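Visitor: Next come the chains, spelled out residue by residue.
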Amino acid sequence: GESVGLHLPTLSVQEGDNSIINCAYSNSASDYFIWYKQESGKGPQFIIDIRSNMDKRQGQRVTVLLNKTVKHLSLQIAATQPGDSAVYFCAENFPYNNNDMRFGAGTRLTVKP
Amino acid sequence: DTAVSQTPKYLVTQMGNDKSIKCEQNLGHDTMYWYKQDSKKFLKIMFSYNNKELIINETVPNRFSPKSPDKAHLNLHINSLELGDSAVYFCASSHLDEQYFGPGTRLTVT
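Chains as they are written, first to last, in my numbering: chain A, 1 to 113; chain B, 1 to 110.
Chain A with its partners taken away, still in its complex shape (with noise of 0.2 Å):
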């Protein structure tokens, strides 16, 4: 399943599913960006990063994908697990602003056994 994160939507997907969570990043400046996961009652985790000089990166079960042109950013989850049902949050640094990093909306990731 696929959602775009603006203001906090769901996606649900069954388990053994791949899953898509998009986002809009605002700052054409920015050259660095993180996805972080948050689990209930919890605080944010560093899931994976990726630099404006790369268009894909891969890990553990996640791929994240950088489109510039358009300022679009997604995680995919392979063969996503109950465990992997959280809020995904994008974040984007502010190189001219002390490079602090913003967060985007979020996206609820909901997963069905």
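I should point out that these hints are in silico values taken from the structure, not numbers from a laboratory.
Errors might be hidden in some of the hints.
Stated by the list, open to error - Here are the computed lysine-lysine pairs in the DSSO-like style, where the Cα-Cα straight-line distance is at most 30 Å: (1) B/19 with B/36; (2) A/42 with B/36; (3) B/67 with A/56; (4) B/44 with A/56; (5) A/68 with B/36; (6) A/56 with A/68; (7) A/42 with B/40; (8) A/71 with B/41; (9) B/36 with A/71; (10) A/68 with B/44; (11) B/22 with A/42; (12) B/44 with B/22.
Since this is a predicted model, take the numbers as computed values, not measurements.
The hints should help you fit chain B onto chain A, whose structure is shown.
Guide: Same frame as chain A, but now just chain B:
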């Protein structure tokens, strides 16, 4: 061996009170942050401190004041609490780009 810790985890207080939330990191990071997460899960940066110097101060009311006694601590003081201050507050720290977050403090103002 907790990396970023916050106390208290829950804080319930009345309007008009003054309260503090404490944050400590044992990662040796140079920069610490405070974020506010509202009921819609939107995360907004409030402050960051680098080597005891405030380098970001978003449009946050001056009732909120960060205080850093040393590089490992960044406490958040809030004066004259208002209903709209109810949220989850996260502390984070970083060395370069990746930020490590604490478990959060849920503040409820009644």
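Visitor: Do the alpha carbons of residue 71 of chain A and residue 41 of chain B lie within 30 Å of each other, as the hint requires?
Guide: 22 Å, holds
Visitor: Within 30 Å, alpha carbon to alpha carbon, are residue 42 of chain A and residue 36 of chain B?
Guide: 14 Å, holds
Visitor: So if I understand the rule, the pair passes when the alpha-carbon distance is 30 Å or less; does residue 42 of chain A with residue 40 of chain B pass?
Guide: The hint holds at about 15 Å.
Visitor: Under the criterion that the straight-line Cα-Cα distance not exceed 30 Å, is the pair residue 19 of chain B, residue 36 of chain B satisfied?
Guide: Distance of about 15 Å is within 30 Å: holds.
Visitor: Does residue 71 of chain A sit within 30 Å of residue 36 of chain B, going by the straight-line distance between their CA atoms?
Guide: Holds - the C-alpha atoms of residue 71 of chain A and residue 36 of chain B are around 25 Å apart, at most 30 Å.
Visitor: For residue 68 of chain A and residue 44 of chain B, compute the direct alpha-carbon distance and say whether it is at most 30 Å.
Guide: Between residue 68 of chain A and residue 44 of chain B the Cα gap is close to 24 Å, so the pair holds against 30 Å.
Visitor: Next pair to validate is residue 67 of chain B with residue 56 of chain A; report whether the Cα-Cα distance is within 30 Å.
Guide: The hint is violated at about 40 Å.
Visitor: Can you confirm whether the C-alpha distance between residue 44 of chain B and residue 22 of chain B stays at or below 30 Å?
Guide: Given pair residue 44 of chain B, residue 22 of chain B holds - Cα atoms ~18 Å apart, limit 30 Å.
Visitor: Given the hinted pair residue 56 of chain A and residue 68 of chain A, is their alpha-carbon gap at most 30 Å?
Guide: 11 Å, holds
Visitor: Run the distance test for residue 44 of chain B versus residue 56 of chain A: straight-line Cα separation, threshold 30 Å.
Guide: 27 Å, holds
Visitor: Does the structure keep residue 22 of chain B and residue 42 of chain A at a Cα separation of 30 Å or less?
Guide: 17 Å, holds
Visitor: Assess, step by step, whether the Cα of residue 68 of chain A is no farther than 30 Å from the Cα of residue 36 of chain B, and give holds or violated.
Guide: Holds - the C-alpha atoms of residue 36 of chain B and residue 68 of chain A are around 28 Å apart, at most 30 Å.
Violated hints amount to a single one, hint 3; each of the other numbered hints is respected by the structure.
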